[in-house]
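Novice: Here is what each chain is made of, one letter per residue.
2 protein chains.
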Amino acid sequence: MNRCILLIVLTLLPQCSLGHDVATNAKYAIVIHGGAGRISTDADHRTQRQKVLAHALSHGETLLKEGKSSLQVVEEVVRILEDAPEFNAGRGAVLNAAEQHELDASIMDGKTRACGGVAGVKTVRHPITLARHVMTDTRHVLLATDGAETFADQLGPENIQRVPNSWFTTDKARKNLREAQAVVPMPTEFCIGTVGCVALDLDGNIAAATSTGGLTNKKFGRIGDSPIIGAGTFADNRTCGVSCTGVGEDFIRNSIAFNVSAQMEYAGSSLNDSVQNLLNDKERRISGGIIAVSAAGEITMQFNTGGMSRAAADSTGRHEVHVAE
Amino acid sequence: MNRCILLIVLTLLPQCSLGHDVATNAKYAIVIHGGAGRISTDADHRTQRQKVLAHALSHGETLLKEGKSSLQVVEEVVRILEDAPEFNAGRGAVLNAAEQHELDASIMDGKTRACGGVAGVKTVRHPITLARHVMTDTRHVLLATDGAETFADQLGPENIQRVPNSWFTTDKARKNLREAQAVVPMPTEFCIGTVGCVALDLDGNIAAATSTGGLTNKKFGRIGDSPIIGAGTFADNRTCGVSCTGVGEDFIRNSIAFNVSAQMEYAGSSLNDSVQNLLNDKERRISGGIIAVSAAGEITMQFNTGGMSRAAADSTGRHEVHVAE
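Residue numbers (our numbering), protein chains in the order written: chain E, 537 to 861; chain C, 537 to 861.
Don't read these hints as lab results, they were simulated from the structure.
Idealized CB from N, CA, C, for every residue including glycine.
It is possible that part of the hints are untrue.
A partial selection of chain E residues facing chain C, derived with a Cβ cut-off under 10 Å [stated by the list, open to error]:
no., residue
1, C651
2, L679
3, T686
4, G784
If we strip away everything but chain E, and leave its shape as in the complex, we get:
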């Protein structure tokens, strides 16, 4: 009898004591972007961006090492970036033509391909969390404007923190709007700062999330690629997870996030080539950046603009943060 108990203890021991990653030889990977375009040369701004990205990356990596789900990781990382005024998402979001903030976000679970998005919300501190509730608590995948606000009302303050629209405003957003209103057509640098995160967890599940304030001086009611699954965000355990940043209209008309996955699925392209093909495509002419993680744990972060704030880490020991070039 004693021998039997010992056998049971020995059988259970490895998975109890050695932890999730070692027991399964599993990989993790995380990649983050903070927008592509011409990054400000202001030293303080760059230092602050570097600091926030480094914090977000470390937080995400810690969760992944603990065996947390990629879904939880991408949501938490994006919440950190939404709270940072240096990025165009949540606090720090740009102003639209009506001098208001309209926030967009989406999230997707590569395991189930469940997904959720919100567009044009005005009083939700963390749009990515509302997007996750659309995914888990409704039969829909995209809720917009007043309807999304009503949904937030129903979820209550214990689930969704609300703020006045002016809470999102920064001096930089006001300055950018004044400059944008004086310039036609809109230059690319006015849309810098969308944030996104893609992660592969120790269970092999991929998730992706994107959040943005959209384009400075955008027409009221404009929806960009960020809240749209397949355009700004996509995740499928069979291929990859993707988050995009740039001129959203181009990303919608070319279904860019899904397009990366489609090249892997249908053409057998590598993750890296799939992203590169799109950024180099002379016909599609998209302008921006793409981050992605494959099911095998490869990371790519590419852009065809002046720069892209980005960060990456994985279970091989890679850990890097770049603010611009």
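Got chain E sorted already, so can you dock chain C onto it with the hints?
Specialist: Using the frame of chain E, we list chain C on its own:
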């Protein structure tokens, strides 16, 4: 001199007298859907659907024969269907959970991949026309709810005809809402009647358009696949044009309209196989129908529901209308 004039006249003659199609040996093709699901067995309803589809098809075919652009054709055909109370688009649209109509539409030009969409509009008689104005008159591709209404205001009544929200209501929509509110989860048959059209014109240009009232009893602010380029509508002269109908959430999470084109572009699949693969995919499990036209003029119209109202015609003489199975 006389001989010279005769030569010029003879040289010019074929293109003047024989018309656009014969001179270029060009093809045209048009396909229309009026929604997939369980089609009503009511004889009058079926007869009326048949009549409207036949009229829309003939109108579209006539325009194509005259050498009109596929973009004009898909817009005009969808306007006819938006005005017909037998379909869930424009007049005849379903009611949402708040007993209102929120209309979605999108249109795409396969030549330039320019596109436009509107979501959640409440007072626009022809949402497809507003979508076309988003495409041609803004730098955006998707405008939602109040912002889209404001845009319609700016375009003025000479461009965009407005109606009170109640103008869209039919007895059938009221009855469906009452039934839907008594049933959880929502059965597929409550989303019947989205309309769409895809056409290839004599110049080899493809266009696609989709318009819908969405799901009966949908949550306020819900955006389905119909206004989303890549999900409900897609067109690219290099591959095909596509319009979808069904449970929109599944079409968004699988970027179905673009997915058809992606299989042709990346896997070299035929138009027919690309559509069939998606409707048979055990993992994606989409429910609905897909119509498409390839750059070569092939037409496909497939569904995995009880039925789909559909019609097709092309320059080989094909001309057919089906209301259900």
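Novice: Hint by hint, note whether the structure agrees.
Specialist: Hint by hint, here is what the structure shows:
| no. | hint | in the structure |
| --- | --- | --- |
| 1 | C651 | holds, 5 Å |
| 2 | L679 | holds, 5 Å |
| 3 | T686 | holds, 6 Å |
| 4 | G784 | holds, 8 Å |
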